[in-house]
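Participant: Chains as they are written, first to last, in our numbering: chain A, 810 to 1032; chain B, -15 to 229.
Among the hints, erroneous ones may be present.
As the list claims (entries may be wrong) - Ranges between beta-carbon positions, derived for each pair:
#: 1; chain 1: A; residue 1: 946; chain 2: B; residue 2: -1; range: 37 to 43 Å
#: 2; chain 1: A; residue 1: 1009; chain 2: B; residue 2: 156; range: 42 to 48 Å
#: 3; chain 1: A; residue 1: 1009; chain 2: B; residue 2: 47; range: 36 to 42 Å
To be verified - Stretches of chain A that chain B covers, calculated by requiring three or more beta carbons in the stretch to come under 8 Å of a beta carbon on chain B:
#: 4; stretch: 924 to 930
#: 5; stretch: 942 to 949
As the list claims (entries may be wrong) - Below, computed lysine-lysine pairings styled on DSS-like, alpha-carbon distance capped at 25 Å:
#: 6; chain 1: A; residue 1: 920; chain 2: B; residue 2: 64
#: 7; chain 1: B; residue 1: 11; chain 2: B; residue 2: 47
#: 8; chain 1: B; residue 1: 97; chain 2: A; residue 2: 920
#: 9; chain 1: A; residue 1: 920; chain 2: A; residue 2: 1019
#: 10; chain 1: B; residue 1: 47; chain 2: B; residue 2: 97
#: 11; chain 1: B; residue 1: 93; chain 2: B; residue 2: 108
Rather than coming from a laboratory, the hints here were simulated on the basis of the structure.
Ideal Cβ placement from N, Cα and C applies to all residues, glycine included.
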Amino acid sequence: MLLDYIDFIVQSFVTTLIMTFLGLSGGLVLGILSALGDVYGNRFIRIIIGAYVEFFRGSPLIVQLLLFYFSFPVLTGIKWDSFTAGAVTLMLNSGAYQKGYFKGAIEAVSKDQLLAARSLGMTSGQILRHIVLPQAFRIVIPSWTNEYVSLGLSTSALTVIGLRELTTISKSIAAQTFEPLEVYSLTGLIYLTWISISIKILNYIYSRVKIPGLEISVGAVPS
Amino acid sequence: MSVLECVDLKKSYGRLQVLKGINFEIKRGEKKVIIGPSGSGKSTFLRIMGFLEPPTEGRIFFKGEDVYASRLNLNLIRSKIGFVFQEPSLFRHLTCLENVKIGLKCVLKMRDKEATEKAIEALKAVKMEEWADYYPAQLSGGQQQRVGIARALARDPEILLFDEPTASLDVELTWEVIDVMRDLARRGVTMLIVTHEIAFAKEVADEILFMNSGRIIESGPPEQILTNPRTPRVKEFLKRLVGGT
């Protein structure tokens, strides 16, 4: 009976949520820093960021997970568990995508506003803090919602390193109960419900912080 | 006393020389208007005089001090100059009031209450106080431009620089902005204005300067420049401008 496994399912879903949260928040920091580095940094910084983004956007997440979990310890001698390896990989992966979204949002803040801020005597730091970032954060929300969905669902790839998240646990339960139809239907339904609710919440947040005239720039998201 | 002065000012972008040696001075309370064809370097000149771009050669004095030679703090100087741009360049995530306040708080370190009072006063001067809580995108181009003027005006600058503030507006909106500028001129604000509004220039300018391919080729009181220019280039320009082509 599927109900006997409900504890496992809930626990594994919590793990999925935690991995999504870690990946997105780590990726947020990495993404903003890389975007700033790419827009304002020198050639050297831009090359490093370019290589980083290229690698994580240009290879499958599953391969990245395998590399980090199995190959990294061979290379460095440092052993880590699937939770740490998975979290780090998700952060780096999401950071590479979020960099693109944030770069687009930062560049969507028009140049004449920057010049106007300069003419008021504001320093570069003040311009970034008071003019660029407050607008970029609002502009980025719709693309960030996509990243949330994409990364949240991609956590199922963690099953290749054996992390006990929702997909891994579903596989075990299906194997034990011989009820793949019921088990995987339930799994799919959990993902679907979670993501639908999340999108609703993020859209609500966007509608609350949205400012007249700022939503125009949405959609321009170069890499 | 001179507010801004430049000596043999030159500016190049790569091999393209945009300004070819300009000498200019504006004293407190004076209103000077720069006219001239597109691409003559008017905007570049204004941006350099507003310390938004460094010159390639030459010296610029702000109230008698050589700004670049004495390595003065540029942000401090900028905070004493008001700049109004061609495109309404309001901060789009801030209301009109916040747009005017931000410089007062960030740069001049005013307290919130004082900044609000100052900002309201400036918005009143451009007749926009009723729109204080609106966002830029909710206003017409002319209204945005007036808020831009309030933003430049609020910190009691030594001089206001206008870079074709009406160029992107239609006729009616142009007049509401011109009215505000005329008002400021009457109040004795020092102003350096790049514009194509000849009637306005004639009315307020102490001196009109004509710029052509990186040089000031003629300057003088409005009556002389507008009705009896010495150089054929100015004559031709004015004829076309009045002709409306």
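Participant: Does the stretch 942 to 949 of chain A contain three or more residues whose Cβ lies closer than 8 Å to a Cβ of chain B?
Facilitator: It holds, with 3 qualifying residues against the three required.
Participant: Run the distance test for residue 920 of chain A versus residue 1019 of chain A: straight-line Cα separation, threshold 25 Å.
Facilitator: It holds: about 21 Å lies between the C-alpha atoms, which stays within 25 Å.
Participant: Note whether the CB distance of residue 1009 of chain A and residue 47 of chain B lies within 36 to 42 Å or breaks it.
Facilitator: At roughly 59 Å between Cβ atoms, residue 47 of chain B and residue 1009 of chain A fall outside 36 to 42 Å, so the hint is violated.
Participant: If you draw a straight line from the CA of residue 920 of chain A to the CA of residue 64 of chain B, is it 25 Å or shorter?
Facilitator: 22 Å, holds
Participant: Just to be careful, I want the Cα atoms of residue 11 of chain B and residue 47 of chain B compared with a cutoff of 25 Å; is the pair within it?
Facilitator: 9 Å, holds
Participant: At the C-beta level, are residue 1009 of chain A and residue 156 of chain B separated by a distance inside 42 to 48 Å?
Facilitator: 45 Å, holds
Participant: Given the hint that residue 97 of chain B pairs with residue 920 of chain A, test it: the Cα-Cα distance must not exceed 25 Å.
Facilitator: Between residue 97 of chain B and residue 920 of chain A the Cα gap is close to 30 Å, so the pair fails against 25 Å, i.e. violated.
Participant: Has the stretch 924 to 930 of chain A got at least three residues whose CB is nearer than 8 Å to a CB belonging to chain B?
Facilitator: holds (count 7)
Participant: Using the beta carbons of residue 946 of chain A and residue -1 of chain B, state whether their distance is inside 37 to 43 Å or not.
Facilitator: Holds - the Cβ-Cβ distance for residue 946 of chain A and residue -1 of chain B, about 41 Å, lies within 37 to 43 Å.
Participant: Would the hint linking residue 93 of chain B and residue 108 of chain B be met if the CA-CA limit is 25 Å?
Facilitator: Measuring from Cα to Cα gives roughly 22 Å; hence the hint holds.
Participant: If you draw a straight line from the CA of residue 47 of chain B to the CA of residue 97 of chain B, is it 25 Å or shorter?
Facilitator: Measuring from Cα to Cα gives roughly 30 Å; hence the hint is violated.
Checked against the numbered hints given earlier, this structure breaks hints 3, 8, 10; the rest are met.
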